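So the protein lines, in turn, are chains C and Z.
Mapped onto numbering that gives the first Met the number 0, the consecutive letters of the first sequence carry residue numbers 0 to 221.
Mapped onto numbering that gives the first Met the number 0, the consecutive letters of the second sequence carry residue numbers 0 to 254.
One or more hints might be untrue.
Computed list of lysine to aspartate or glutamate pairs in EDC-like fashion (alpha-carbon distance at most 20 angstroms, straight line) [to be verified]:
| hint | chain 1 | residue 1 | chain 2 | residue 2 |
| --- | --- | --- | --- | --- |
| 1 | C | K95 | Z | E64 |
| 2 | C | K95 | C | E106 |
| 3 | C | K62 | C | E40 |
| 4 | Z | K156 | Z | E166 |
| 5 | C | K130 | C | D114 |
| 6 | C | K91 | Z | E166 |
What the hints contain is simulated information worked out from the structure, not anything from laboratory work.
Remember, predicted model here, so these are calculated numbers, not experimental data.
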Amino acid sequence: MRKRIHALIAVLGIAFTVALVAAPAYAATTEPKYANQAAKECADKLAAGGSIDDCQKAPSPLKPANNEIIWGSLAFAVLLVAMWKFGVPAVKNMEKAREDRIRNDLESAELAKTDAEAERAQYLAQIAGAKEEAGRLIEEARQAAEGVRADLIARAEQEANEIRARAQADIVNQRNQALAQLRAEVASLSIDLAGRIVERNLDSDINRQLVDSFIDQVSGSN
Amino acid sequence: MNALLLAVDVPPISHVTIWGSGPLGFNKTAAIYVFATVATILLFAVGTRRKDALVPSGILQNSAESGVGFVRNQIIMQTMGTDGLRYLPYLTALFFFIFFSNITEIIPGVQFPANARFGMPLALALLTWVIFNVVGVVRQGPLHYLKNSLIPPGVPKAILPLVMIIELVSTFLVRPFSLMVRLFANMLAGHLILVTFGALCAALFAAKITVVILPFSFLLLVAMTGFEILVSFLQAFIFTILTAVYIDSSMHPSH
């Protein structure tokens, strides 16, 4: 590339030098004298059978004048060489720096995305673990509560049974007491009544035994 | 010298049309605009063809992406902020269209910037005028837009009528006119400079003694050719950023 640029510069330099040297000789050979280039071109058109109106027309609606094309192209070529030598490498460097920067940014973004996904998976695993732990704790608590409930119910039933048994025993005692009292009362009343009837003072112990046996007989017959 | 005269003198339209004549005549200027349109479309069509390639490669993709980035960051974000991002497609197309129709002034064989004729700059300036006025009316309402455009805040009542007339002229008449003239005149001036130096080189080349000046004239022609690349870019940039500023003034009247 460098060799080609040097060769191009050398060719342009030689052409320029030759043109510089040949210019006075070229100028000397132009015989007819015209006021300017436009006048010469107009004279050529008239000589070729054209009208004066043709002199007012642009030489071409598309193409610039030959002089303009030649010198403009030469200037453009020199500028192109300079740009090729200095501008293009700079542009390529900028292009490469831009590509590298975007590539690095994309790689960083990819890395960050991978990290974020890993963290997300970790968080999800932690959440799942926490949920499992919470479920286990809830189950344990439920089982403990169930145990406490069953224990309380059993104790309550036991206490109820004891209370019921005590109450029944009390009832039996009370009944027996009441029967004994009743029996004593009935005996006293019977003795008192019999005493009054026979108006005879009997030995109370004997009478009581009589009454008791009587009551037993009566209750046995019932 | 003939070339210089042709550059200064605008010939009748019938003399420069390639096909047809009158308003529908097709000439070199129109051909350059067709080129600018096709070049803009091709740049983005080919530059964005590899949609799956996030890392850019090649001059076209880099240029297309850098171009959009340039308009976005250096024009829209500097003038309109994020509100203006909806105008990114229009402003990008405007920038590249103007640049491509300017840069032809240094292309050998063409050597003419299409914007050295005021037709298209006028059309683009009027388009900008329509856009910023429509945006102003839609965003602020017709009466508020007119009031905000004509009455700057803090102006004493005594000079308000004068200021209103000045604002009316500057906002609604001078803006499109200056936009058009700035682009057209700069490109025409650049074209004339290149043609002048080209003609000067040709004249010096044909002369006897003054031929020694030719290298200097030629070097200046080279320098001016390089300068015109900068001008082509700069004028596209100025036209686009002023369009953005005008649209922004309609969107955010307090600025």
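Outcome of the hint check:
no. : hint               : verdict
1   : C:K95 with Z:E64   : 14 angstroms, holds
2   : C:K95 with C:E106  : 16 angstroms, holds
3   : C:K62 with C:E40   : 16 angstroms, holds
4   : Z:K156 with Z:E166 : 15 angstroms, holds
5   : C:K130 with C:D114 : 24 angstroms, violated
6   : C:K91 with Z:E166  : 48 angstroms, violated
Checked against the numbered hints given earlier, this structure breaks hints 5, 6; the rest are met.
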